[in-house]
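Protein sequence lines, in the order shown, are assigned to chains A, B and C.
For the first sequence, my numbering begins at 1 and goes up steadily by one.
For the second sequence, my numbering begins at 1 and goes up steadily by one.
For the third sequence, my numbering begins at 1 and goes up steadily by one.
Calculated directly from the structure, the hints in this document are not laboratory data.
Where a beta carbon is used, it is the ideal one built from N, C-alpha and C, also for glycine.
There may be inaccurate statements among the hints.
As a list, the in silico EDC-like pairs of lysine to aspartate or glutamate whose alpha-carbon atoms are at most 20 Å apart [as the list claims (entries may be wrong)]:
hint, chain 1, residue 1, chain 2, residue 2
1, C, Lys36, A, Asp121
2, C, Lys343, C, Asp497
3, C, Lys501, C, Asp385
4, A, Lys59, A, Asp71
5, A, Lys85, C, Asp345
6, C, Lys507, C, Asp314
7, B, Lys130, A, Glu90
8, B, Lys138, A, Asp121
9, B, Lys130, A, Asp121
10, B, Lys138, A, Glu90
11, B, Lys138, C, Glu469
12, B, Lys138, C, Asp70
13, C, Lys507, C, Asp497
14, C, Lys76, C, Asp314
15, B, Lys138, C, Glu206
16, B, Lys130, C, Glu206
17, B, Lys162, C, Asp172
18, C, Lys507, C, Asp75
19, B, Lys162, C, Glu177
20, B, Lys162, A, Asp121
21, A, Lys85, B, Glu127
22, A, Lys85, A, Asp71
23, B, Lys130, A, Glu99
24, B, Lys138, C, Asp3
25, C, Lys214, C, Asp3
Here are the simulated distance ranges between beta carbons [unchecked claim]:
hint, chain 1, residue 1, chain 2, residue 2, range
26, A, Phe70, C, Glu206, 30 to 36 Å
27, A, Phe70, B, Thr93, 42 to 48 Å
28, B, Lys92, C, Ile440, 52 to 58 Å
29, B, Asn26, C, Val188, 47 to 53 Å
30, C, Lys214, B, Lys138, 14 to 20 Å
31, C, Met180, B, Leu16, 29 to 35 Å
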Amino acid sequence: MEHPFLPILLVFVMAALFTGAFLGLSAILGPKKPNPSKLSVYECGLEPVGDARERFSVKFFLIAMLFILFDIEVVFLIPWAVTYKGFIAEGMGLFMLIEMGIFMVILAIGLLYVWRKGALDWR
Amino acid sequence: MSEIFLFYLFGGLSVLMTLLMIFQTNPVASAIYLVGAFFGLAALYVLLSAPFVAVLQVLVYAGAIMVLFTFVIMLLNIRKEELVYDRVTWRKTAVVLTALFFAGFLIWHFLKIPVVPFAPVEEGFGEVHKVGRLMFSKYLIPFELTSVLLLVAIIGALVLGKKE
Amino acid sequence: MIDLQYLISLFHAGLPIWILTGTGLVCLLTDGLWPKKGGTAVFIVGFLGMAVALFFAFRQWLSGETIAQDLLVSDKATRFFVILVIFIGLLHLLNSASYFRLLGKVSAGGSPAGRLGPAGRLGPAGDMVTLTLFAVVGMIFLFASDHLIVNFIGLETMSLAVYVMVGFNRRDVRSGEAAMKYYVMGSVASALLLYGIVLLYGAVGEFRLSEFHKVAIFPDTAFLPRIAVVLMLGGFFFKLALVPFHFWVPDVYEGAPTPVTGFMATGVKVAAFALFIRVLTALNYLPTAVVSQVLQICVILTLLVGNLAAIVQDNVKRMLAYSSISHAGYLLLGLSVGYQSGKFDPSVSSAVLFYLAGYSCMTLGAFAVLSVMVDEKREATQFADLTGLGYSRPVLAAVFSLFMISLLGVPPTVGFAAKYGIFSFAVKNGFIGLAVLGMITTVISAYYYLRPLVMMYFCGAPEKVKGGEIPFPLMLSLVFCAVAVILLGIWPLPYIDMAQKAATAFK
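Could you build all of it, start to finish, from the sequences and the hints given here?
If you want it as structure tokens, here you go:
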């Protein structure tokens with residue numbers, strides 16, 4: 001069976017096998033002489049474990065939100081790029097360009113709006 | 001035959017990951033299991049000859065939306081002691097039983113549907129090329145409407161999320 | 001596959017939509033380019049754009065020819081609803097234009113939603129105008145297509161815009177809470193609806209409602225469309241706020257900014273009903289005979305719960321929330337009497353269409369009055385706040401009484417004409433029981449609709465004078481609603497004729 005996604009599956013399987021094998025082997029074979037400074041996450045600097053009550057700024061959230069929305073825009077660009085050549089061959093290249101242009105302009109106005117409203121300023 | 005095996009493998013994987021996600025007390029670990037579940041689903045889409053949807057599943061869900069999830073988790077910053085275990089009440093039991101009843105009802109009826117061998121899909125079905133052709137010609141209106149939907153979401157994120 | 005002819009017909013079929021979308025973009029640009037003082041400009045642009053769209057929608061209605069276009073339906077029924085939702089959008093713009101200024105004027109810091117204008121006053125909020133425009137675009141797509149996926153994207157566009165509008169009042173915790181509740185509940189409803197749509201596709205292999213008559217259902221799989229229809233009904237009932245799915249309504253309606261509540265109670269409901277009628281008509285071709293019983297049970301529950309719960313409220317907005325639930329019940333009654341031996345006859349929907357138009361006018365009017373009721377940084381919409389309004393603000397009290405009487409359904413107003421239409425169809429089609437129940441609950445509703453009148457006129461003078469002018473845009477909207485309520489009440493025939501023409505387009 002020649003499924004086109006077989007290689008990708010194989011990559012995943014290999015990756016899982018290798019990482020599992022190396023982690024397992026080093027756990028079994030490696031010498032273990034723990035002492036407190038070895039067990040700490042960083043050799044110097046802050047104690048990494050503690051009260052994590054400091055709140056994140058809502059800014060991160062806004063940026064992540066906008067990232068998703070423009071990410072989805074990119075998702076729509078992929079099939080357009082793939083099919084564009086075929087459409088040109090059928091004489092619909094201009095139409096396709098305008099169609100995608102409208103889509104992009106609508107979202108570009110959104111970007112402009114976001115920018116002018118100062119949501120991208122990092123203060 | 002191998003396809004059946006793979007279906008059960010990935011189906012089982014996503015069910016397992018989803019269960020692990022629900023039963024985790026650490027929200028970040030939950031989120032990671034959710035990524036696992038998304039990957040299982042993506043593999044199922046591939047088996048259903050919908051590779052484009054599979055790629056979207058990984059790109060958008062396992063990628064972008066998970067970023068947002070982790071942000072939200074960090075934003076909320078739940079402490080261990082805030083995660084109080086619920087007590088079993090009549091109301092919750094009723095909810096669970098209703099859900100189980102509905103699930104059982106669905107499964108029972110789905111099993112009764114005779115298995116009809118579908119005609120094999122044509123060459124290249126569900127690939128980016130075919131999806132793109134349909135999306136940009138026949139489904140022109142919903143495609144452009146999507147940009148309006150995204151725009152509304154952008155405005156919404158700004159109106160509700162921006163600091164005054 | 002796509003040629004110029006196709007694009008031209010597409011352009012003509014959806015002309016009001018394109019105008020609205022374009023206006024929305026221009027509003028966004030204006031707001032983006034002049035973020036400091038764009039509010040009033042955005043409002044004017046949005047208002048004019050909507051008016052132009054309304055003009056073209058009317059022209060489409062008058063021209064009469066149906067443009068059958070792939071994925072975009074432009075028949076009489078669609079045009080009727082397009083005109084209706086654009087009207088609702090316009091009135092909402094007028095209602096909300098001064099609301100944030102009123103809220104902001106009394107609060108020292110100014111409302112975050114409004115922008116400081118040149119005179120140091122808070123102008124209308126630009127974002128609100130833009131969101132309204134896009135919400136109306138979503139509403140139109142919600143019913144102006146017979147392709148369920150397009151409908152769903154339209155629904156999501158509308159819902160997203162409305163979620164944000166509900167949470168617009170960021171200084172008010174209740175507004176945020178309402179937005180959160182509405183968002184979670186609305187998402188569940190959307191998910192139910194989408195799952196139903198997908199299962200329906202699985203059963204019949206068709207997203208186009210107009211193609212349903214061609215599909216063949218095999219008895220082995222007949223349960224699939226049934227499950228799908230149950231899920232879809234769940235989604236619709238959420239959006240229409242019918243009783244088993246109504247529990248979010250009072251909190252959300254109370255917490256949302258008052259003009260937005262009016263928009264939700266009318267626009268969302270009108271658009272959802274438009275699609276609902278289309279779906280019910282298409283379902284005739286599927287083995288889903290139980291739908292009529294489900295609808296009837298839902299009508300009975302909605303009428304009883306909506307009307308009885310409204311009695312015990314002490315906030316006018318909350319009371320109006322339950323009132324809108326019970327009005328959705330009357331509307332559903334109008335649809336459920338269309339079932340004859342398991343088949344839905346869409347011609348009964350003419351009464352429902354007329355009811356929707358009348359209901360929109362009186363509800364928007366009532367919420368316009370409440371939009372003025374702002375006192376010391378917050379909305380003053382308790383019943384107690386109405387005390388003596390008849391003496392301190394006689395005009396406001398008079399029109400509010402008019403809307404209450406109309407909501408109750410007393411003869412010279414549109415409420416009576418609308419209810420009469422629904423009940424007469426019910427009696428004609430042999431649903432005597434439902435008609436009697438509707439009349440009894442109408443009598444019950446007299447208690448809570450007349451209570452504001454008692455508070456305004458017979459409970460003594462106000463403790464303090466809450467004078468103040470009515471802002472011009474709001475005045476415009478009040479006058480329009482009041483005139484419409486009376487005009488549609490005393491001379492309803494032309495509009496009933498319109499509704500009948502629209503209803504025959506459902507087939």
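Next on the checklist: Output the indices of the hints that this structure fails to meet, ascending.
Outcome noted: 2, 3, 5, 6, 8, 9, 11, 14, 22, 25, 28, 29
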